[in-house]
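Engineer: Using the sequences plus the hints, can you model the full thing?
Chain by chain, the residues:
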Amino acid sequence: MSVLVNSTINGDPIQFSCEADETLMDALRDRVGLKGVKEGCGTGDCGACSIRLDGALVCSCLVLGAEAQGRTVDTVEGMSDGAKLHVLQEKFLEHAALQCGICTPGFLVAAQALLEKNPTPTEEEIRYGLAGNLCRCTGYDKIVRAVQDAAKTMNRKAKKKVSKS
Amino acid sequence: MLYESPNTLPEAVNLLAKAKGNAYVLAGGSDLLVRMKGGYIEPDLVVDIKRIKSMSTIKKTPEGFVIGGAVSCANIGEHTALRKAWPGVVEAANLIGSDQIQGRCTIVGNLCNASPAADSVPALIAAGATALIEGPRGEREVAVEKIAKAPGVTTLKKGEIVAAIQLPAKQRRSADAYLRFTPRTEMDIAVVSAAVHLTLGAKSVIEDARVSLGAVAAKALLVKPAAKAIIGTTLDDEALQKLSAACAAACSPINDKRGTVAFRTKVAQVLARRAALLAYERAGGKK
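For the protein sequence lines, the chains are U and R, in the order given.
In terms of our numbering, the first sequence has 140 at position 140, counting the first letter as 1, and numbering is strictly consecutive.
In terms of our numbering, the second sequence has 146 at position 146, counting the first letter as 1, and numbering is strictly consecutive.
Where hints are given, some of them may not hold.
[Claimed, not checked] Within a straight-line C-alpha distance of at most 25 Å, the following computed SDA-like cross-link-like pairs (lysine to any residue) qualify:
no.: 1; chain 1: R; residue 1: Lys-170; chain 2: R; residue 2: Asn-94
no.: 2; chain 1: R; residue 1: Lys-53; chain 2: U; residue 2: Ala-56
no.: 3; chain 1: R; residue 1: Lys-37; chain 2: U; residue 2: Leu-134
no.: 4; chain 1: U; residue 1: Lys-117; chain 2: U; residue 2: Thr-153
[Claimed, not checked] So the derived list for chain R, only partly shown, Cβ under 8 Å to chain U, looks like this:
no.: 5; residue: Met-1
no.: 6; residue: Leu-2
no.: 7; residue: Asn-7
no.: 8; residue: Met-36
no.: 9; residue: Tyr-40
no.: 10; residue: Ile-41
no.: 11; residue: Asp-48
no.: 12; residue: Ala-74
no.: 13; residue: Ser-98
no.: 14; residue: Ile-101
no.: 15; residue: Arg-104
no.: 16; residue: Pro-183
no.: 17; residue: Met-187
no.: 18; residue: Thr-234
no.: 19; residue: Glu-238
no.: 20; residue: Lys-242
Since the hints were derived computationally from the structure, they do not count as laboratory data.
Because the structure is a prediction, the values reported are computed rather than measured.
Every residue gets a Cβ at the ideal spot worked out from N, C-alpha and C, and that includes glycine.
Structural biologist: What follows is the structure, given as structure tokens:
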């Protein structure tokens, strides 16, 4: 059975059709063309397919495409403002927090969710917060440093905004 | 496969009761989709319960808390009153998987998946939680420990849905605690787990207690002799030893690469003692 789904994806109203048993991860990649959603394990262990569903951080491999009906979906493609990268993306580049890169979109989405919840996380909180994302290249250290640096920059920017207004 | 997302509980029950072939409830999907993908199950019908409003809220009532079957564990962790009243239950629910899994997984799913190693189940059993079940023949209320029958098998009948988990109101000078052993601190499944809930009376003497063990039998256990061992005591060394012995006697674990029978039996005793001490301290017990 095929299902017609209307969602708001990265801010745009999008309609796609998918099979009833198709995961949101497959639908986003193959129907909507958002290839930043990566398939790692396909069983919710690695976090490469991390997205936001109505704001909640989830593994899109454990969501059915049909479940996205009427909901908002945010993927890594929605993080940058056009060509202007998100602070987290800039810091990942600056700290070389990636090698092969397949885990990176998931890490970025998860790190964004983490910093929204906790803008000043300790190293331990970052490591726990990102425990659902696996990276087989970096050894995590550079990722943790990039997130710490991004948090610092984002807080400085937020402070500036407050003092200006 | 047919996917349905009804807006009301009676509709959901009706769909499941009338279903021909294999019908499954979809709450968080963190077990169901894995089993689908692995080819372990081939559903003909999946009923998504997340659009049922009454199942998506946590209600505080004079009798306690009613946690809807579709409430994610992340939402449980964000509920201040629930965290204060039942810290053990909330900690157990928040130990399941990563932040990504937390955003989806539910304690009802954890219960109905019927894994002996489910984190939230021993905590719910110790808390004296009940499952509110809605089915073709109406509603019934069942103690949480009676839901799982064997690994992956429940006592639920065709068409029945666990609509909510009911937790009693917090009694004065009572508290719960849940501890598990895993080789890793995150993203792991309990090798052994223990939950204790106790209520104190005058002079910090334990008036009432419930002890539950996970991953040491085919299902999470309510260990009545272990509770009996500490009721009427101030959790002195002798009481703790009797608690250990009662827990050891209740264990009939599997032997696998994650833990031998001897290891699991030993760790169950240690965790039960530590959980009891933690609950005692949380309840304001003074020795």
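Engineer: Each hint should be assessed against the structure and marked as holding or not.
Structural biologist: Against the structure, the hints:
The suggested pairing of Lys-170 (chain R) with Asn-94 (chain R) holds, with an alpha-carbon distance near 20 Å, which does not exceed 25 Å. About 18 Å separates the Cα atoms of Lys-53 (chain R) and Ala-56 (chain U), which keeps this hinted pair within 25 Å; it holds. Straight-line distance between C-alpha atoms of Lys-37 (chain R) and Leu-134 (chain U) comes to about 20 Å, which keeps the hinted pair within the 25 Å bound. Between Lys-117 (chain U) and Thr-153 (chain U) the alpha-carbon distance is near 16 Å, which keeps this suggested pair within the 25 Å criterion.
Checking Met-1 (chain R) against chain U: minimum C-beta separation of about 4 Å stays under 8 Å; hint holds. For Leu-2 (chain R), the interface hint holds, the least distance from its beta-carbon to any beta-carbon of chain U being 6 Å, beneath 8 Å. Nearest Cβ of chain U to the Cβ of Asn-7 (chain R): about 12 Å, over the 8 Å cut. The hint is violated. For Met-36 (chain R), the shortest C-beta to C-beta distance to chain U is roughly 7 Å, which falls under 8 Å, so the interface hint holds.
Taken as an interface hint, Tyr-40 (chain R) does not check out: its beta carbon lies about 12 Å from the nearest beta carbon of chain U, beyond 8 Å. For Ile-41 (chain R), the interface hint is violated, since its Cβ never comes within 8 Å of a Cβ in chain U; the closest pair sits about 11 Å apart. Residue-level restraint check for Asp-48 (chain R) holds (minimum Cβ-Cβ distance to chain U is 6 Å; threshold 8 Å). Given the 8 Å rule on beta carbons, the hint for Ala-74 (chain R) holds: about 7 Å separates it from the nearest Cβ of chain U.
Taking 8 Å as the C-beta contact cut-off toward chain U, the hint placing Ser-98 (chain R) at the interface holds, the least distance being around 2 Å. Hint on Ile-101 (chain R) holds. Least Cβ distance to chain U is approximately 6 Å, under the 8 Å limit. For Arg-104 (chain R), the shortest C-beta to C-beta distance to chain U is roughly 5 Å, which falls under 8 Å, so the interface hint holds. A hinted interface residue such as Pro-183 (chain R) counts as satisfied when its beta carbon comes closer than 8 Å to some beta carbon of chain U; here the least separation is about 14 Å, so the hint is violated.
Checking Met-187 (chain R) against chain U: minimum C-beta separation of about 5 Å stays under 8 Å; hint holds. Interface restraint check for Thr-234 (chain R): the shortest CB-CB distance to chain U comes to about 35 Å, outside 8 Å, so the restraint is violated. Because the beta carbon of Glu-238 (chain R) sits about 38 Å from the nearest beta carbon in chain U, more than 8 Å, this interface hint is broken. The interface hint given for Lys-242 (chain R) is broken, as the beta carbon of that residue sits about 36 Å from the closest beta carbon of chain U, more than 8 Å.
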